[in-house]
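Chemist: If you want the building blocks of each chain, they are given just below.
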Amino acid sequence: MILPWLILIPFIGGLLCWMGERFGATLPRWIALLTMSLELALGLWLWAHGDYSFAPAPGADPTWALEFKHVWIQRFGINVHLALDGLSLLMILLTGLLGVLSVLCSWKEIQRHVGFFHLNLMWILGGVVGVFLALDLFMFFFFWEMMLVPMYFLIALWGHSSSDGKKTRIYAATKFFIFTQASGLIMLVAILGLVLVNFNSTGVITFNYADLLKTKMSLTTEYILMLGFFVAFAVKLPVVPFHSWLPDAHAQAPTAGSVDLAGILLKTAAYGLLRFALPLFPNASAEFAPIAMTLGLIGIFYGAFLAFAQTDIKRLIAFSSVSHMGFVLIGIYSGSQLALQGAVIQMLAHGISAAALFILSGQLYERLHTRDMREMGGVWSRIAYLPAISLFFAAASLGLPGTGNFIGEFLILMGTFAQTPWISAIATSGLVFGSVYSLIMIHRAYFGAAKSDTVLHGMDTRELIMVLGLAVLLIYIGVYPQPFLDTSAATMHGVQQWFGTAFSQLASAR
Amino acid sequence: MEFTIQHFIALAPLLITSLTIVVVMLAIAWRRNHAQTFLLSCAGLNLALLSIIPALKVAPLAVTPLMMIDDFALLYIALILVATLACVTLAHAYLGEGGTGYPGNREELYLLILLAAAGGIVLVSAQHLAGLFIGLELLSIPTYGLVAYAFFNKRSLEAGIKYMVLSAAGSAFLLFGMALLYAEAGSLSFSGIGHALAATSMPAPIAQLGLAMMLIGLAFKLSLVPFHLWTPDVYEGAPAPVAAFLATATKVAVFAVMVRLFQISPAANTGVLSNVLSVIAVASILFGNLLALTQNNLKRLLGYSSIAHFGYLLIALVASKGLALEAIGVYLVTYVITSLGAFGVITLMSSPYKGRDADALYEYRGLFWRRPYLTAVLTVMMLSLAGIPLTAGFIGKFYIIATGVEAHQWWLVASLVLGSAIGVFYYLRVMVTLFLIEPNLRRVDAELHWEQKAGGVMLLAIALLAFFLGVYPQPLLTLVQHAVLGV
Chain A
2 MILPWLILIP FIGGLLCWMG ERFGATLPRW IALLTMSLEL ALGLWLWAHG DYSFAPAPGA
62 DPTWALEFKH VWIQRFGINV HLALDGLSLL MILLTGLLGV LSVLCSWKEI QRHVGFFHLN
122 LMWILGGVVG VFLALDLFMF FFFWEMMLVP MYFLIALWGH SSSDGKKTRI YAATKFFIFT
182 QASGLIMLVA ILGLVLVNFN STGVITFNYA DLLKTKMSLT TEYILMLGFF VAFAVKLPVV
242 PFHSWLPDAH AQAPTAGSVD LAGILLKTAA YGLLRFALPL FPNASAEFAP IAMTLGLIGI
302 FYGAFLAFAQ TDIKRLIAFS SVSHMGFVLI GIYSGSQLAL QGAVIQMLAH GISAAALFIL
362 SGQLYERLHT RDMREMGGVW SRIAYLPAIS LFFAAASLGL PGTGNFIGEF LILMGTFAQT
422 PWISAIATSG LVFGSVYSLI MIHRAYFGAA KSDTVLHGMD TRELIMVLGL AVLLIYIGVY
482 PQPFLDTSAA TMHGVQQWFG TAFSQLASAR
Chain B
653 MEFTIQHFIA LAPLLITSLT IVVVMLAIAW RRNHAQTFLL SCAGLNLALL SIIPALKVAP
713 LAVTPLMMID DFALLYIALI LVATLACVTL AHAYLGEGGT GYPGNREELY LLILLAAAGG
773 IVLVSAQHLA GLFIGLELLS IPTYGLVAYA FFNKRSLEAG IKYMVLSAAG SAFLLFGMAL
833 LYAEAGSLSF SGIGHALAAT SMPAPIAQLG LAMMLIGLAF KLSLVPFHLW TPDVYEGAPA
893 PVAAFLATAT KVAVFAVMVR LFQISPAANT GVLSNVLSVI AVASILFGNL LALTQNNLKR
953 LLGYSSIAHF GYLLIALVAS KGLALEAIGV YLVTYVITSL GAFGVITLMS SPYKGRDADA
1013 LYEYRGLFWR RPYLTAVLTV MMLSLAGIPL TAGFIGKFYI IATGVEAHQW WLVASLVLGS
1073 AIGVFYYLRV MVTLFLIEPN LRRVDAELHW EQKAGGVMLL AIALLAFFLG VYPQPLLTLV
1133 QHAVLGV
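So the protein sequences, as listed, match chains A and B. According to my numbering, the first sequence is numbered sequentially starting from 2. According to my numbering, the second sequence is numbered sequentially starting from 653.
It is worth saying that the hints were derived from the structure and are not from the lab. Glycine included, every Cβ here is placed at the ideal spot set by N, Cα and C. Careful: at least some of the hints might be erroneous.
[Said to hold, decoys possible] DMTMM-like, lysine to aspartate or glutamate: derived pairs with alpha carbons at most 25 Å apart: (1) A:K168 - A:E367; (2) A:K168 - A:E376; (3) B:K973 - B:D723; (4) A:K215 - B:E1058; (5) A:K215 - A:E288; (6) A:K217 - B:E1058.
[What the hints assert, rightly or not] So the derived label-pair ranges between C-beta atoms look like this: (7) A:A426 - B:W1021: 51 to 59 Å; (8) B:P1024 - A:H458: 34 to 42 Å; (9) B:G923 - A:L507: 42 to 50 Å; (10) B:L945 - A:T312: 31 to 39 Å; (11) A:S38 - B:G751: 55 to 63 Å; (12) B:L699 - A:T222: 51 to 59 Å; (13) B:L945 - A:I225: 26 to 34 Å.
[Claimed, not checked] Covered stretches of chain A (chain B as the covering partner; in silico rule of three or more C-beta atoms under 8 Å from a C-beta of chain B): (14) 149 to 161; (15) 174 to 180; (16) 185 to 195.
Based on the sequences and whatever the hints tell you, model everything.
Modeler: Shown next, in the form of structure tokens:
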């Protein structure tokens, strides 16, 4: 019963926040904080007490650390089917952690309609947890689409319009919504296609993951259906031709929105690839892998170049996400256990470092009231601590050893090298550009001549705790990633087996 | 044929509705009283709704060669009665009480709406071209009066006349088509036509032409592209509760009879005609959504969006096998709920009647911070129209996509995906307008205690229903699954 509660807690907490607004603006914040802390605590408790050597693997019915099943819509064999394994647990922990942080970082930023804001925030997080737990394809899609609505409100109502007035927050929110909704519908078509293919061979209509894994289909069908899933995930990840919503959404969103978007929402796409696209369509994915990895490469370089060219600090971080997600995409499609594990660590580390950078730029914005780096310069001497901490996270973002990002990138590159040395080699050179844009961000924003001599007020305890906590965590992952690797090992091993078999079949066919 | 008690039971919903019309008419002649007329109409409609339960026991039963009362017909009768009931409660709020509100005679509106409902009941149970025509005219003619009911308002009168002329043209097409079809098939009953057309491998050109002309006539009523030109004007001009009736009861009835015709004589859906239907579907989806993009008037926007929604429905009609019948049922139910909700909010915002309806988008700016629950209703409706999970509209869209994928209608499915993506844009625009804060604006508001009146209660119930069906649609699916056509 603990799994449905993981989803319900944020939803209920959100409603309480909304109702709590009538008793003052502070109450919703505390309710939201408590809700997310409870979520995180539950996740940690599950981590401490669960056995994560269970995970789906080919050849047998999937086994799970925890499972919950209840009939929902009989007509189509749809169940409320939730299950937990190592990968979903790690993602839920990340969601809980960033949930707490996004509440904390809006403590002063959001002053209008606090209750409704937290309602939206909580519902996004609830939807995300739903995505990470759902094992019924209908239910997965349900949450996948559902979380768009509160995210839309978050950007459209509490966002910032760009300073030149060209891109409004509503423009950004609508673009985000349309991109993800349209691609989501393509995925729905693919889901239904898969279900009907399965129905034609077995005579049972079901959306259950375990049953659909056994679907027999021709390679062409498999390829088309796989593309349907891939498009939806590619938009959300984002993969380069589909990325244009991301910088707009990030730049216009409030800090909490950016934290959730970069930290968690992008991860749902990677999770979807690992959980659904690869296991359901291993052969087609193996055939598609070179294309996907090429797209990943393009993403790494394109993201890095564009990040370098930005003047808006949040857009810069947004484009750096495109670059980092390129590594994740390569890791996922490499088919080696090492690289897959690297992708998981990279997801966690990027979630933490990008969230921290967004929080820091939010704090910078609260002090300078601009995100334009041309108007910053010389901030190092004017604010205590903040520039130095930013430097740390910028260094993490470029993959400095000792931080989690390094582990992730290293494992991905290492794992990829065995099969596809060229891709690995080219991707490695992308790291150079990573350092270029990370350092230029620090250089433009914090060094150089100061625009003014007035000393801005330093960081208060709340702000310090948030970012220092993230820094400690990032170093912990960087120094001792073993607990995280152990947790996801079984899941990744399953994915690798599916994929590896398909790869070897493909190789022998050629 | 001989009438037995069985036939009367089967026909009870229609008989009770007709009886209500007579009673209401006499009551108006005896004493003009708004509340009394309203209560009588409501009571009659509720009784008619209840009489469906015994009618279910005797269905399917052919009552005269013209009508067939089966589960399919009863489902749509129920839907029409519920929609009418909702429109009546909205009309009551809209017309206002005492000295305020609508200045003319209020009572006749109920009479007209009941007449139109009776027409709808005949239409959905028609199994004969004559029945179809009687039902359609009985539905349309009172509607002219309804659209032009606020006749001192220029727009309303204009809309009424426009609707009358175009509707008459549509009926002419329909009649001509029936004549041609009769010339070829030699029968007016749906099944007779079906047999005659199935006898030859390919329907004769005359029969095809006849069917095509009938299609034009029906497409006029359903406002499918390219016969949609009247829709936005009429929706805009008609008083809000009447627009709600037009968008729901009228369209449901016409679509249901079209489904029956195409199911009983499948030859109508072969060869060229099937292609024509597909083209109309794609055109309706794309044009409806594209034209809605730039609208600043909520009623016009809903008009265009209804064009698109009936385009989606045509996908199921083209597929016509497998899930299709169920999909149509589910989609129509969810669409009716959603439209009633959306028009209901407009109605309550414009209640009591003050000369013009509050339908400009800017009048809804920041409504959330003044009337949060009313806004929540409209938000749910917009999400439902866009087909976002947690609302009834999602279940409908899910069904239509499933039907399209099942029938391998890839082009239609692709246009649905494209259409939805476009559609999201304007639904979101409406939605975000509700939440934007704009100081110093002339405020048009619903009455303070709108939720304590019949219209408000109905609206809240509908919003809850839309949410409930989005989360747990199984009861609806079971209901629709049983609504099969009788032979």
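Chemist: State for each hint whether it applies.
Modeler: We went through each hint and held it up to the structure:
1. A:K168 - A:E367: holds (21 Å)
2. A:K168 - A:E376: holds (19 Å)
3. B:K973 - B:D723: Given pair K973 of chain B, D723 of chain B holds - Cα atoms ~18 Å apart, limit 25 Å.
4. A:K215 - B:E1058: holds (20 Å)
5. A:K215 - A:E288: It holds: about 19 Å lies between the C-alpha atoms, which stays within 25 Å.
6. A:K217 - B:E1058: Holds, at about 17 Å.
7. A:A426 - B:W1021: 51 to 59 Å: holds (57 Å)
8. B:P1024 - A:H458: 34 to 42 Å: holds (37 Å)
9. B:G923 - A:L507: 42 to 50 Å: For L507 of chain A against G923 of chain B, whose Cβ atoms are near 44 Å apart, the range 42 to 50 Å holds.
10. B:L945 - A:T312: 31 to 39 Å: For T312 of chain A against L945 of chain B, whose Cβ atoms are near 32 Å apart, the range 31 to 39 Å holds.
11. A:S38 - B:G751: 55 to 63 Å: holds (58 Å)
12. B:L699 - A:T222: 51 to 59 Å: holds (54 Å)
13. B:L945 - A:I225: 26 to 34 Å: holds (31 Å)
14. 149 to 161: With 6 residues closer than 8 Å to chain B, the region 149 to 161 of chain A meets the three-residue bar; holds.
15. 174 to 180: Result for this restraint: holds, n = 4.
16. 185 to 195: holds (count 6)
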